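Novice: Residue-level listing of the chains:
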Amino acid sequence: MTDISPTPPQSTPILPTFMTRRRERALLGALGLFLFLAAWQISVPLIGMSEYFYPSPIAVYHSFVDLIQRGILPVYVVDSLGRYLIAIFIGTSVGIGLGLFLGLNRRAGRIFGPLISFLYAIVEAAWIPLFVVWWGYGFKVILVLLVYIMVFPVLYNTMLGVRTVPQILINAARSMGASRSQVLFHVVLPAALPNMYTGFRVGAGFAFRSLIFAEMLAAKTGIGYLIYEGVSSQNTARTIVGMICMGLVWLIIDAMYLRPLETATVERWRLVKSGEEK
Amino acid sequence: MSGTLALLRHRPVWFSLTLLVLVISFWLWTAAEATEKLRTAGLNDGTGAAQVVVTLAMVPEKFHMEVLQDAGRMVLVEGRQIELRDVSDDALRSIARRYWIAEIAPIDAEGKP
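Residue numbers (my numbering), protein chains in the order written: chain A, 1 to 278; chain B, 1 to 113.
One chain only, chain B, in its complex shape (with noise of 0.2 Å):
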């Protein structure tokens, strides 16, 4: 116990545990509040590719659209709106932790909310 305690003493044991204990927080935040977007959403059951649009926090940039790209096909990007195709499930969840995106809603194949 004291050679675990002594090994804290060193800044860098010190600052990689601090550096991992917040990833694992923010890691965990993203988790929460995917699952929230997706159960507002009703996008939780894991139903296969999903068509949906989704609302980002401010107007996307080129990052923003190459990360929705690599979730889906993009179809339509309507000022802060952007609409996807085809989206699996893991890409759901995976575009659903990123905090700039404030919602996701289902739409169905025309397109339609």
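Here chain A stands alone, though its shape is the one from the complex (with noise of 0.2 Å):
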């Protein structure tokens, strides 16, 4: 008997089948930019604006170039990525630790969750002036701000994860001899690393863009000092060349690092699915 169910309709690939999918993914990525480019090139006679109120991507890559050769450019993202790891590192450490004190300790959550939840309310902008009037312009306002906004995230996570260990677990290490210490460290702190985890990825990004805004406020040097500058010396092509390596830093900080991260810590317990499989 002959067979006469239609076949499935077999998806065409866009690209050559010797490509990989992260391949083919990357190109169309690629064009996907090249037409953004070409038509913002295209766009800027048509329009018709002057260059200060509308560069064109030659003038922004005219521009990136220029700042890398008077030599501007890698010291500002060198000290704007500077500025990030310190307050990244103190903020995580913070909120790890205050975390951990506050999620092992009922009492002391009691105590202090709502000043902690009182202070995470209020957005780290309305901190500004008064950072400013006790720190002045400069490193240490910025440094604290970062460090505000990366301690909370952090220690929202590492106290719910600290408190939804499963008792079962803690008990079951009570109960093979294990003491208060080796239950911390190899029952409730890898229990815990997926939800410290989220909040450091959460308290990374926020406290990225929120480095760019402080430099605008408060430094002379960085990635946002240099958005801020191009427009208040009428150059914002290097403006848009800010913007760009604002960008690209954390395109790559998320994929070397974070991403990683991610799959070395919440992924493995399979809480979330990595990219790939979805």
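Hints may be right or wrong, so weigh each one.
[Stated by the list, open to error] Computed list of lysine to aspartate or glutamate pairs in EDC-like fashion (alpha-carbon distance at most 20 Å, straight line):
1. LYS220(A) x GLU66(B)
2. LYS140(A) x GLU124(A)
3. LYS220(A) x GLU61(B)
4. LYS62(B) x ASP66(A)
5. LYS62(B) x ASP79(A)
[Unchecked claim] Far from chain A, by Cβ distances over 10 Å, these chain B residues were calculated:
6. THR4
7. LEU7
8. TRP27
9. LEU28
10. TRP29
11. GLU36
12. ARG39
13. THR40
14. ALA41
15. ALA49
16. LEU76
17. PRO106
[To be verified] Using C-beta positions, here's what the derived DEER-type ranges look like:
18. LEU7(B) x SER50(A): 48 to 58 Å
19. ILE47(A) x ARG73(B): 41 to 51 Å
20. TRP135(A) x ASP70(B): 16 to 26 Å
21. GLU36(B) x SER93(A): 40 to 50 Å
22. VAL59(B) x LEU160(A): 49 to 59 Å
23. LEU7(B) x GLY82(A): 21 to 31 Å
24. VAL59(B) x GLY247(A): 26 to 36 Å
It is worth saying that the hints were derived from the structure and are not from the lab.
Being a predicted model, the structure only gives us computed values, none of them experimental.
A virtual CB, placed ideally from N, CA and C, is assigned to each residue, including glycine.
Take the two lone chains and join them into the complex the hints point to.
Specialist: Now the structure itself:
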């Protein structure tokens, strides 16, 4: 008997089959970027605005090269990264320390919980005038602001992670003779790690955006300062260079550090599926 | 050995190492450039505070002025040339490392080459 059932339609690959899915995705991404740049370049003469209002991608590229030749861009990127890394390190350390303390000590959690919720609710921008009065313009204000932004997501998620460790795991470890520190390091911390990482990732993202904002207000170097200074010196191409650098730096941080760290913590415990599996 | 190689397969590790290699290469390159600039100017003997004229590769901006003001007392800016007084050895070496500085030349107390 002849099989007359219709054959399912086969999806045609856009690119040759020898290309991996990752390459195909990268090429399609590059194509999208190229189309965007082409549309941007074509729109410049059509719109007919001056370069100050609407710089072309070619002007932005020239500005990028000029900023490197002048030695400005490398210094600004390194300054921004330095501030960011110091703040991330301090904020994460403080957040994890406090989160563990409040998570493990229920009474302390009850005493300080409302205060922490209150402080978390105050948006960081509201603190800036006061921080400036206390520490003046400069590195200290940026550092304090970023640490403030970083601490709360890490603290909350660490506290949550510690509190949601199944009691049965702690009891099992104790019944086998584990000491308090062994329970902490071999049961509580590994179980709380995915939550801690989630807090770290959220805080790191917020802190990066706020870094740019803080540099606009309180720094004389950095990517945020470049973005702000570009407009005030009527060189908007530099502003766009700063914006592109900001995006690129974040993409690199995310792809090279945060994603692999996520794979090693959150995805390992199957709390979320990796991007490849979706 | 295999443990070290396995570690290199992790993206954060190899990326950080690549960055480190690039930074060290850049550092070595600027150090060599600084030595050459100071040798050409006859300023590599480390004889204390110097009076110099610094020639930039481009017209200076606020950024360059601030860097040079940290190095010494700025007395004159003319086109791409900036005259600095009382520049310490460390500061001299530090500014010579900047790739946007094309040339450093010594001058006497009256500002003559």
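Novice: Hint by hint, note whether the structure agrees.
Specialist: Hint check:
Between the alpha carbons of LYS220(A) and GLU66(B) the distance comes to roughly 10 Å, so the proposed pair stays at or under 20 Å and holds. Of the supplied pair hints, the one linking LYS140(A) and GLU124(A) holds, its CA atoms being roughly 15 Å apart against a limit of 20 Å. Taking the CA atoms of LYS220(A) and GLU61(B), the gap is near 13 Å; set against the 20 Å cutoff, the hint holds. With a CA separation close to 15 Å, the supplied pair LYS62(B) and ASP66(A) stays within the 20 Å bound.
Restraint check: the Cα-Cα separation between LYS62(B) and ASP79(A) comes to about 17 Å, which is no more than 20 Å; the hinted pair holds. A cut-off of 10 Å between C-beta atoms confirms that THR4(B) is not in contact with chain A; the least separation is 18 Å. For LEU7(B), the requirement that its beta carbon stay farther than 10 Å from each beta carbon of chain A is met, with the minimum near 13 Å. The beta carbon of TRP27(B) sits about 12 Å from the closest Cβ of chain A, which is more than 10 Å, so the claim that it is off the interface holds.
With a minimum CB-CB distance of about 16 Å to chain A, LEU28(B) clears the 10 Å threshold, and the non-interface call stands. Look at TRP29(B): its CB is around 13 Å from the nearest CB on chain A, clear of 10 Å, so calling it non-interface holds up. Every Cβ of chain A is farther than 10 Å from the Cβ of GLU36(B); the closest lies at roughly 18 Å, confirming the non-interface assignment. Taking the minimum C-beta to C-beta distance to chain A, about 22 Å, the non-interface status of ARG39(B) holds against the 10 Å cut.
Once the 10 Å rule is applied to beta carbons, THR40(B) is consistent with being away from chain A; the minimum gap is 20 Å. No Cβ of chain A approaches the Cβ of ALA41(B) within 10 Å, the least distance being about 20 Å, so the stated non-interface status holds. Remark: the non-interface label on ALA49(B) is consistent with the geometry, its nearest Cβ contact in chain A lying 24 Å away (cut-off 10 Å). Look at LEU76(B): its CB is around 21 Å from the nearest CB on chain A, clear of 10 Å, so calling it non-interface holds up.
Distance check on PRO106(B): its Cβ is at least 23 Å (rounded) from any Cβ of chain A, clearing the 10 Å threshold; non-interface status holds. Range check, LEU7(B) to SER50(A): Cβ separation about 53 Å, and the 48 to 58 Å hint holds. Range check, ILE47(A) to ARG73(B): Cβ separation about 48 Å, and the 41 to 51 Å hint holds. Range check, TRP135(A) to ASP70(B): about 22 Å between beta-carbon atoms, so the 16 to 26 Å window is met.
Checked against the hint of 40 to 50 Å, the pair GLU36(B) and SER93(A) passes, with Cβ atoms roughly 43 Å apart. Restraint check, VAL59(B) to LEU160(A): a C-beta distance of roughly 56 Å satisfies the suggested window 49 to 59 Å. Judged by the Cβ atoms, the range 21 to 31 Å given for LEU7(B) and GLY82(A) holds: they are separated by roughly 25 Å. Under the hint 26 to 36 Å, the C-beta atoms of VAL59(B) and GLY247(A), about 30 Å apart, fit the expected range.
The structure shown violates none of the earlier numbered hints.
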